[in-house]
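Student: Offset between the sequence shown (1-based) and this note's numbering: plus 601.
Derived by calculation from the structure, the hints in this document are not laboratory data. Treat the hints with care, since some could be wrong.
[As the list claims (entries may be wrong)] In silico DSSO-like links for lysine-lysine, alpha-carbon gap of 30 Å or less: (1) 836 x 614; (2) 846 x 731; (3) 787 x 731; (4) 754 x 802; (5) 802 x 689; (6) 802 x 787; (7) 731 x 754; (8) 836 x 754; (9) 689 x 621; (10) 644 x 802; (11) 621 x 754; (12) 836 x 846; (13) 715 x 836; (14) 786 x 689.
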Amino acid sequence: MSAEDVVKDLGSKLLAGEVKVIDLSGSLGPETPVLQLPPDFAKNTPRVEIHKISEYDEDGPFFAWNWMVLGEHTGTHFDAPHHWITGKDYEEGFTDTLDLQRVVAPVNVLDFSKESAEDADFLLTPDHVKSWEAEHGEIREGEWVVMRTDWDKRGNDQATFLNADESGPHSPGPTPDCIEYLLSKKIVGWGTQCIGTDAGKAGDLDPPYPAHNFLHRDNCFGLASLANLDQLPAKGAILIAAPLKIRRGTGSPIRAMALVPV
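Given the sequences, and given the hints that come with them, work out the whole structure.
Tutor: Here you go:
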């Protein structure tokens, strides 16, 4: 089958409902949880604000529209390489310069929701990934890898989603060796259902924040606050995760979605 036939076939299957589009994003609004850093360490991104310009009234009789305040890394969002110091030298590492071909790719969904429910500080290791590959098949070059934790089921309550106490935030994520193993596969990027691509306690790892550190070092992408990963198969779906084309943007809220055969 030619490439043209493949695209035509996909279009026909979408129209016939034989390929389903799964929404992988949470709603974006004032209640959306946002990352909170210690005030003595860094400034924080603002909470989302939505302000009405007009709604069929004296400020605009025929139309409704709003203006917004939000950070690039808010809600379900995309981390471009320039987001982290290790990726600062990539000219193609901004949201307006990245290779868009890379952001549409097959996705491997690693289901560790049970382990994450039992231990909020669960860390994914290379052995976990290798065991998953032995069951489902090898992770291939250019593919996405996402970790299902069902963290999206916690909803939009800031405290519940960040899950922090006096010792800091508690959420699952990868070990440094895990990210290095995945990058050895030449993946395009890594995603999670938590507030960021790293575990809550990633600041205590060596090196700290390995997902950010290593992904962007290798000019790869990160996805955070994904939703509905329980609706995807382990393999066989296509993930579409395109950021807004923000000039020299370090990231962007996205409407992530997946194409899944019915």
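Student: Confirm or reject each hint.
Tutor: Tested hints:
{"no.": "1", "hint": "836 x 614", "verdict": "19 Å, holds"}
{"no.": "2", "hint": "846 x 731", "verdict": "36 Å, violated"}
{"no.": "3", "hint": "787 x 731", "verdict": "15 Å, holds"}
{"no.": "4", "hint": "754 x 802", "verdict": "20 Å, holds"}
{"no.": "5", "hint": "802 x 689", "verdict": "24 Å, holds"}
{"no.": "6", "hint": "802 x 787", "verdict": "26 Å, holds"}
{"no.": "7", "hint": "731 x 754", "verdict": "27 Å, holds"}
{"no.": "8", "hint": "836 x 754", "verdict": "22 Å, holds"}
{"no.": "9", "hint": "689 x 621", "verdict": "37 Å, violated"}
{"no.": "10", "hint": "644 x 802", "verdict": "19 Å, holds"}
{"no.": "11", "hint": "621 x 754", "verdict": "22 Å, holds"}
{"no.": "12", "hint": "836 x 846", "verdict": "29 Å, holds"}
{"no.": "13", "hint": "715 x 836", "verdict": "19 Å, holds"}
{"no.": "14", "hint": "786 x 689", "verdict": "23 Å, holds"}
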